[in-house]
Amino acid sequence: MIFNSLTYILFLLIVIPLYWVMPQRQRLWLIFIASLIFYGFWRVEFIFIMLITPLVDYYLAHKIVQEPNRDKQRRILVLSIILNLGLLVYFKYLMFFADSANSIADLLGINLKIPHLDIMLPIGISFYTFHTMSFIIDTYRGFVKPPKDFITYGCYVFFFPQLVAGPILRVGEVISQLQMKQEYSSDDIVYGIRRILIGLFLKVALADNIAPFVDDGFSQDLTSLSALDVWTLAFMFGFQIYFDFSAYSSIAIGSARLMGIKFPENFNFPYLANSPRDFWKRWHISLSSWIRDYLYLPLAGQHVRDRYNSKSEGGLPTFKESEGVSKTFVPLFLTWAIMGLWHGANWTFVFWGVYHATLVLVHRLIIPFSGKLSKNVLNIGGWMITMPLIMLSWIPFRAANMQVVTSMLMKLVQPSQYLYLGMRENIYIIAALLIILTIAAYLVDKYLLPLIYRNYTLRFSVETIAFAIIILLVIIFLRPISQFIYFQF
Amino acid sequence: MTALVLAVAYIKFFMLSYDTNFEDAGLGYDTFRYTAQKGGYPIHIVEMDSLRNLKEGVDNFDSSKPVILWLGNSQLHGVNQYKQGDQNAIGYLHDSLILLHKYAVAFSLPNANLLEHYVLLKYLSGDIKIDQLIIPVFFDDTREAGLRTDLLRDSIKYRVVDKGDTTLKGLAITGAYASVKTGNSTDADMKALNATTQERVEKYLNDRMNEASSIWASRADLRSMIIYDYLFKLRNFVFNITPNTKRKLIPLRYNQNMDAFKAICRLCHENNIKLMVYIPPIRNDAEQPYIQEEYQRFKRDLEDYSNAYGFSLHNYENIVPAEYWGLKKSTSLGEGKMELDFMHFQGVGHRLLADTIFSNLKEMIR
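Line by line, the protein sequences give chains Z and D. Start counting at 1 in the first sequence, then tack on 62, and there's your number in my numbering. Just so it is clear: in the second sequence, position 167 is 157 by my numbering, and no numbers are missing.
Treat the hints loosely; a few may be bogus.
[Claimed, not checked] To give an idea of the interface, some chain D residues facing chain Z are shown, with a C-beta separation under 7 Å as derived from the structure:
#1 ALA(-7)
#2 MET180
#3 LEU183
#4 ASN184
#5 GLN188
#6 GLU192
#7 LEU195
#8 ARG209
No wet-lab data here; the hints were simulated from the structure. Yeah, the Cβ is synthetic: ideal placement off N, Cα and C, and Gly gets one too.
Please work from the sequences and hints to get the whole structure.
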């Protein structure tokens, strides 16, 4: 089911009141069934595929707990990971690998023609696979004990607000809240509605209206684009995907809060980051922390501490000077390449991941030389360098193939490509406006709102006007004209 | 709750109290959209949906006889300060040509770029026998690019794009068509639900909401109002954009349009379609919204192409005197201000354009 639709609003209007009038045990059943219905509104037949891995993982998790022998526990874990990744590879990457093999064979002059199959990607498979994998890995690590019944566990994996595009939460973050009887609070309801409204506004009023400009730009003949156009498109898509994905996260947070369940934030003004490392503390926070705990740290041979398990806080691990190349750079690049591939079965995403790994590495190498600079210089200078570099990473993320990526990036290093503009003026105006508004939003949030919140009347007036505008735009623009970008991952 | 009441009240009592046809917002409020009809059939259409009616009109006339096709932009269908009895240029031209037993039809699209004209010509030439093509080349429209949704439909795509057609290379058309999804039956507002279980439910709910609420039913107009009445005017106000503001040429878009124009010339040549190109009328009582060096270069380019491809080129820049143009309401913030309309002229202007074309056509027909 798509959030930006009347169907979802009706769905909430039915599920939420039922949730609050039911006893605790029935609430879990309600969430479980509602989540399956939520998923079934996309494709009913895929519900069964979605159920396979969690059912098997639930069974295997209990086997791990019952098994005293560590080696046997490890074998069970490996079996589970093979199953999870096997299904993910089949649905998401099989044709990518097949096509890549065909291309390499062509290059080598070998006649290899692996036939192309049209395999439909089950929506949200990357997200629910990560959920169920974190559950079995944490069980193996001894961080969690599997719930006694499948329904509680199923509610964690399938909980509809986070089912198809995250946030990617840990078992400990969700199951304890699901098991506890939530007390009705009007504050939670008001907060939930506000977050849903803000999310819908970001999606239908901003992201969906930026999308045609971006689509138009990326569908143009590449020769018609200048270097300035490439920069503009990078910024425009950067804002589109930010509004789109943070909208989804906001609606997810709001929907969960309507049931008294608290989700952590997934975004925190990411484009105001003053370093690549800072960016990953602010962007898709739950993914960066998942990748850190379940991929990077094991690859780097570092111990995963239990404290990571309790929260999906973002951020990359700290590099230790004493560690060699094999324990820092190799895991870094490997992790980021896999993270790129997680987003989509295309070399462009691998490029995106490696690009980010390079940014993190370069930042790490130059940071020791910045010791004498003042904090303000580091913050402002860091932001002015980080923001365009991060925006540039959206080119491979959005482009159709590597040929387009290289053509667009090559323009950036040719001075003659900076001498003209290839698109209509509106797109430049909007891109500039969005940068200004992002900075303004941050300043308002940090400095103006605390002042306004001191005075009840002023706060009430400002919030009423702001939400009146948001509601007006949501009413006018609400339509399922496009999916959330992260649905495809 | 207060915010909800405020939002609904604003839409109900402020936004919905304006009666504006946003489909024609681009024409300006003092310009009337006129599409000529003869003998109960349209001879002039402005959207693909009316194409069947146009074909029926051609068949009714005499399907074995080739027709004269006029492709244009809103100058053709916009009549400034329309008066009862006025026609547009195709209506007048049709009346004149009928004496010579010729039949003329027209298809105009607002801000049509030459790539769109090329696609349209290629598509129409498969349906209608075309003897002669009349086409204006607007300097303004060389700033446009891409193909509008109507022209990206599958039916057009499959006829226009064929892999052996090298004309399409470099026209950006292949990329534009590649992004079209096939078999898309969902309406534009529900694109994301295509073929999902949710689609039926969403349509049902949307229909019920349309019946129950005038606000919900008016949302398409309200969206246009926000874009044209608020954002567009705000932009013009902030950047002081007026009809006189110089529109700078966008080099690669210009080249793309000229490539498409050359493709039109080649297509006409291959299909034995006589081609008549004109530089359209523009009001000459005010400074033009073009950078003169760029505009002069554009005219020189057309002359060069005329020599290279052998079509007849006519300069109609000055055929409509200043008094037959008009004013339109301001497209900036602030009530009551009027501004010059550089694109659309009055009924008399349409008559002058039709007569000029007719006299040039007569020479060609002889």
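Results of checking the hints against the structure:
For the restraint placing ALA(-7)/D at the interface with chain Z, the shortest Cβ-Cβ distance is roughly 4 Å, inside the 7 Å limit, so the hint holds. For MET180/D, the shortest C-beta to C-beta distance to chain Z is roughly 5 Å, which falls under 7 Å, so the interface hint holds. A least Cβ separation of about 5 Å between LEU183/D and chain Z falls short of the 7 Å threshold, and the interface hint therefore holds. Here the hint on ASN184/D is broken, as its CB sits about 10 Å from the closest CB of chain Z, past 7 Å.
The beta carbon of GLN188/D is positioned within 7 Å of a beta carbon in chain Z (closest approach about 4 Å), and the interface hint is therefore held. Given hint, GLU192/D at the interface with chain Z, holds; its Cβ is 5 Å from that chain's nearest Cβ, closer than 7 Å. A cut of 7 Å between beta carbons decides the hint on LEU195/D: the least distance to chain Z is about 4 Å, and the hint holds. For ARG209/D, the shortest C-beta to C-beta distance to chain Z is roughly 5 Å, which falls under 7 Å, so the interface hint holds.
Comparing the model with each earlier hint shows a violation of hint 4 alone; every other hint is respected.
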